[in-house]
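Colleague: So the protein sequences, as listed, match chains L and X. For reference, each letter of the first sequence is one residue, going 1146 to 1637 in the numbering used here. For reference, each letter of the second sequence is one residue, going 1125 to 1302 in the numbering used here.
Keep in mind that the hints were calculated from the coordinates and are not lab data. Careful: at least some of the hints might be erroneous.
Dumping the calculated DMTMM-like pairs for lysine to aspartate or glutamate here, alpha-carbon to alpha-carbon at most 20 Å [to be verified]:
| hint | chain 1 | residue 1 | chain 2 | residue 2 |
| --- | --- | --- | --- | --- |
| 1 | X | LYS1150 | X | ASP1140 |
| 2 | L | LYS1162 | X | ASP1262 |
| 3 | L | LYS1602 | X | GLU1136 |
| 4 | L | LYS1360 | X | ASP1146 |
| 5 | L | LYS1602 | L | GLU1156 |
| 6 | X | LYS1170 | L | GLU1366 |
| 7 | L | LYS1360 | X | ASP1127 |
| 8 | L | LYS1360 | X | ASP1157 |
| 9 | L | LYS1250 | L | GLU1366 |
| 10 | X | LYS1278 | X | ASP1262 |
| 11 | L | LYS1360 | X | ASP1204 |
| 12 | L | LYS1447 | L | GLU1156 |
| 13 | L | LYS1360 | X | GLU1168 |
| 14 | L | LYS1602 | X | ASP1269 |
| 15 | L | LYS1602 | X | ASP1139 |
| 16 | L | LYS1610 | L | ASP1625 |
| 17 | L | LYS1162 | X | GLU1136 |
| 18 | L | LYS1250 | L | GLU1443 |
Sample of chain X residues lacking proximity to chain L, with all beta carbon distances greater than 10 Å (derived) [unchecked claim]:
| hint | residue |
| --- | --- |
| 19 | ASP1127 |
| 20 | GLY1151 |
| 21 | ASN1152 |
| 22 | SER1176 |
| 23 | LEU1184 |
| 24 | ILE1187 |
| 25 | THR1200 |
| 26 | GLY1249 |
| 27 | ASN1273 |
| 28 | THR1274 |
| 29 | GLU1277 |
| 30 | ASP1280 |
| 31 | SER1281 |
| 32 | ASP1285 |
| 33 | ARG1296 |
Built from N, CA and C at the ideal position, the CB exists for glycine as well.
Read off the chains here:
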Amino acid sequence: MSSHNESIIREPLVTGKHITYAQVTEDILVPVENKPNKAWWIGFTLAALGAMLWVFSVSYTFWTGIGAWGLNKTVGWAWDITDFVWWVGIGHAGTLISAVLLIFKQNWRNSINRSAEAMTIFAVICAATYVVAHMGRPWLAYWIFPLPNQFGSLWVNFNSPLVWDAFAISTYFTVSLVFWYTGLLPDIATVRDRATGLRRRIYSIMSFGWTGNVKTWQRFEIVSLILAGISTPLVLSVHTIVSMDFATSLIPGWHATLFPPYFVAGAIFSGFAMVQTLLLITRKVMNFENYITMFHIESMNKIIMTTGSIVGIAYLTELFIAWYSGSEYEMYAFANRIAGPYWWAYWSMMTCNVISPQLFWFKKIRTSIPISWVLSIVVNIGMWFERFVIIVTSLHRDFLPSSWAMFYPTWTDVGVFVGSVGLFFTLFLLFLRVLPSIAMAEVKLLLHSASYQQKLKLVKEGHLKEEHVKFYQQSLTKYDSVSEEEIKEIAK
Amino acid sequence: MSDTKYILGHFEHPDDLMDGIDKLQKGNISIYDVYTPMPIHGIEAKLGVPRSRLPIVAFLCGITGTISGISLLYYTLHKDWPMNIGGKPTLPMPNFVPITFELTILFCALGMVAMFYFRSHLFPGRAPRVMDLRATNDRFVVAIDARINTDHEKIDSLLKDAGAVEVLHNKRKYVSYE
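Starting from the given sequences, assemble the full structure and let the hints guide the process.
Modeller: So this is what it looks like as structure tokens:
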């Protein structure tokens, strides 16, 4: 079987005129094989300071107990669970990109899956720290697992969604890690075969002895496909189960059958926003413009817009059902969200999550890098507020008006959150330096089918319809990595 | 007899590589293995590599996970220490779904990947059996055992005909990593 030609009207996934297999390796390994530049050091210093704040705040929490947080007897869950759900949600994009998009044969995933998966793993690490920290006695965290014990033996309550969550998150983390590392093996082998001395030894151990022979590649592809197949329901199950932490309770505002799909859509929404935040900077600083192209950015913006709209519909459905159910308490919970003391959180959520992604209907906006970046941050802020609104405003006015209270975060709450962002960026920046942040082997697959130069060759061969070529030429104008001469060259 | 152990044909394009394999096979030259920087679709059929049985392993591991999950829940909640939780049954099947599902996925993924690593001899610290350093970068390399296939000139010309950019006669099988 020889490589087949892709339709000309599809946009190229790899741009640049002189990209060869060797060039792909060279370009992608620049950050791995060279000393870091100034931008990286500045980012790393800031992130590491944040990570140190995290270490301090978490240690302080462990030392004094969760009294260090702003919780009270009415609001027993607040910033900790808000941050936990926020991070788990962000951790959904990586496996979604690598699994769901693989099954749907979306080739544009090939150049963004690696960094998105890394991001997933780091986000789940951040999320897991909140689960452990909010237990109050973190040294007994193993109690959530069904271990034989000396209480008779009293097992964990498997009817509780909190126990399901422990299983879901740990399975998700393990499978994501295995998926990510298996995919890394061929690329680590590439680094190994170009390195010398100590670096070669280290990468040799990390490469597991990968050689790239026929049988191993065959197995590799089967393993990737099956992992994608089982990760797809896994990724959906994780946030479904997170939503059940709320939905199986009896609190008005939480007790809703809508929660699982609504949470999953929200997770994909915030995950893609975080991928966008990270990659728009990475492609610029690391010079990956030819591999992470405007097509990738636009596609991700379209997904953000779609999932943002689903989330918007979910908000409105919640409101409608609160009224339509005729349940006085359910309706009060929502009236309190809209116009109660936390109205500003509700309206921040509505603006950031429902209105701002609708701007992506305009092509000018979804193909503008600065606007996309700002909107991706806005979405992340909005998704944080969503969880805050769900958790705090449902709890702070509970069944007894005499115990109604407000929640005020302490410096520890803020420190743990800001610190976890620092921890996340520290891990991500280290990843960029040590491992190839674009899956080289997978990008090489696209080189003779979906690249600018291949399409140029097809046009030059001249068996194509003129309107198709015109259409293709038009689609190139949005690319910031394709120059005007290169576009004109198509017409000749 | 020369002391060449392996002949390596380097190709720059996967189509040329496929062409080279065809030519060698027509010339009755047996191919030892092919090393590529990316998976090449259709090459297994050409080289007669049988289908991978890893999907069967994945299924068996997944089923093991399902059975383990149900057994764990049945034993702990129903048999060993039945608890009255709001008067609900001690075998609430809907509540068993999430954990059974997660364990199915976990066992399936870990079992299949472990079997993949085991069968392909991949583990941390394994000395890489690499024949040419560029095979993980930009070259598609066909390796031919030179002691079984003695007509070296014919191999050379077949490879060059198919568009090989380089033909190496190696006295050592693997690249040394020392």
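Colleague: Does each hint hold? Answer for all of them.
Modeller: Results of checking the hints against the structure:
1. Between LYS1150/X and ASP1140/X the CA atoms are separated by roughly 15 Å; this keeps the pair inside 20 Å, and the hint holds.
2. Annotation: proposed proximity of LYS1162/L to ASP1262/X holds, straight-line Cα distance about 17 Å (limit 20 Å).
3. Proposed proximity of LYS1602/L and GLU1136/X is supported: the alpha carbons are some 17 Å apart, at most 20 Å.
4. Annotation: proposed proximity of LYS1360/L to ASP1146/X holds, straight-line Cα distance about 18 Å (limit 20 Å).
5. About 14 Å separates the Cα atoms of LYS1602/L and GLU1156/L, which keeps this hinted pair within 20 Å; it holds.
6. Distance hint between LYS1170/X and GLU1366/L is fulfilled; the C-alpha atoms sit about 17 Å from each other, no more than 20 Å.
7. Only pairs whose Cα atoms come within 20 Å are accepted, and LYS1360/L paired with ASP1127/X is rejected, the gap being roughly 28 Å.
8. At most 20 Å may separate the alpha-carbon atoms for a hinted pair to count; LYS1360/L and ASP1157/X meet this at roughly 9 Å.
9. In summary, the hint linking LYS1250/L to GLU1366/L is supported, as the alpha carbons are separated by about 13 Å, within the 20 Å threshold.
10. A C-alpha spacing of about 25 Å is found between LYS1278/X and ASP1262/X, which places the hinted pair above 20 Å, so the restraint is violated.
11. Note on LYS1360/L and ASP1204/X: the hinted pairing is violated, with a Cα-Cα distance of about 47 Å set against a maximum of 20 Å.
12. For the hint linking LYS1447/L to GLU1156/L, the alpha-carbon distance of about 15 Å falls within 20 Å, and the restraint holds.
13. This hinted pair checks out: LYS1360/L and GLU1168/X have alpha carbons roughly 8 Å apart, not beyond 20 Å.
14. For the given pair, LYS1602/L sits about 37 Å from ASP1269/X by alpha-carbon distance, which is inconsistent with the 20 Å threshold.
15. At most 20 Å may separate the alpha-carbon atoms for a hinted pair to count; LYS1602/L and ASP1139/X meet this at roughly 16 Å.
16. Under the criterion of a C-alpha separation no larger than 20 Å, the hint pairing LYS1610/L with ASP1625/L is inconsistent with the structure, at around 26 Å.
17. As the CA atoms of LYS1162/L and GLU1136/X are separated by approximately 17 Å, the hinted pair is consistent with the 20 Å bound.
18. Distance hint between LYS1250/L and GLU1443/L is fulfilled; the C-alpha atoms sit about 18 Å from each other, no more than 20 Å.
19. Separation of ASP1127/X from chain L is adequate, the least Cβ-Cβ distance of about 24 Å exceeding the 10 Å criterion.
20. Non-interface call for GLY1151/X relative to chain L: holds, since the shortest CB-CB distance, roughly 20 Å, exceeds 10 Å.
21. Residue placement check: ASN1152/X keeps its beta carbon more than 10 Å from all beta carbons of chain L (closest about 20 Å).
22. The Cβ of SER1176/X does not lie farther than 10 Å from every Cβ of chain L; its closest approach is about 5 Å, which violates its non-interface assignment.
23. With a closest Cβ-Cβ approach of about 12 Å to chain L, LEU1184/X is found to remain outside the 10 Å limit, as its non-interface label requires.
24. At the 10 Å boundary, the C-beta of ILE1187/X stays outside the reach of chain L, the nearest C-beta of that chain being 13 Å off.
25. Distance check on THR1200/X: its Cβ comes as close as 4 Å (rounded) to a Cβ of chain L, failing to clear the 10 Å threshold; non-interface status is violated.
26. Separation of GLY1249/X from chain L is inadequate, the least Cβ-Cβ distance of about 5 Å not exceeding the 10 Å criterion.
27. Every beta carbon of chain L lies more than 10 Å from that of ASN1273/X, the smallest distance being close to 18 Å; the non-interface claim holds.
28. With a cut of 10 Å on Cβ distances, THR1274/X stays outside the contact zone with chain L, its closest approach being about 24 Å.
29. No beta-carbon of chain L comes within 10 Å of the beta-carbon of GLU1277/X; the shortest separation is about 26 Å.
30. Even its closest Cβ contact with chain L, about 22 Å, leaves ASP1280/X beyond 10 Å, as expected for a residue assigned away from the interface.
31. Every CB of chain L is more than 10 Å from the CB of SER1281/X (nearest about 22 Å), matching its label as outside the interface.
32. Listed as a non-interface residue, ASP1285/X keeps its Cβ farther than 10 Å from every Cβ of chain L; the least gap is roughly 17 Å.
33. With a minimum CB-CB distance of about 15 Å to chain L, ARG1296/X clears the 10 Å threshold, and the non-interface call stands.
Comparing the model with each earlier hint shows violations of hints 7, 10, 11, 14, 16, 22, 25 and 26; every other hint is respected.
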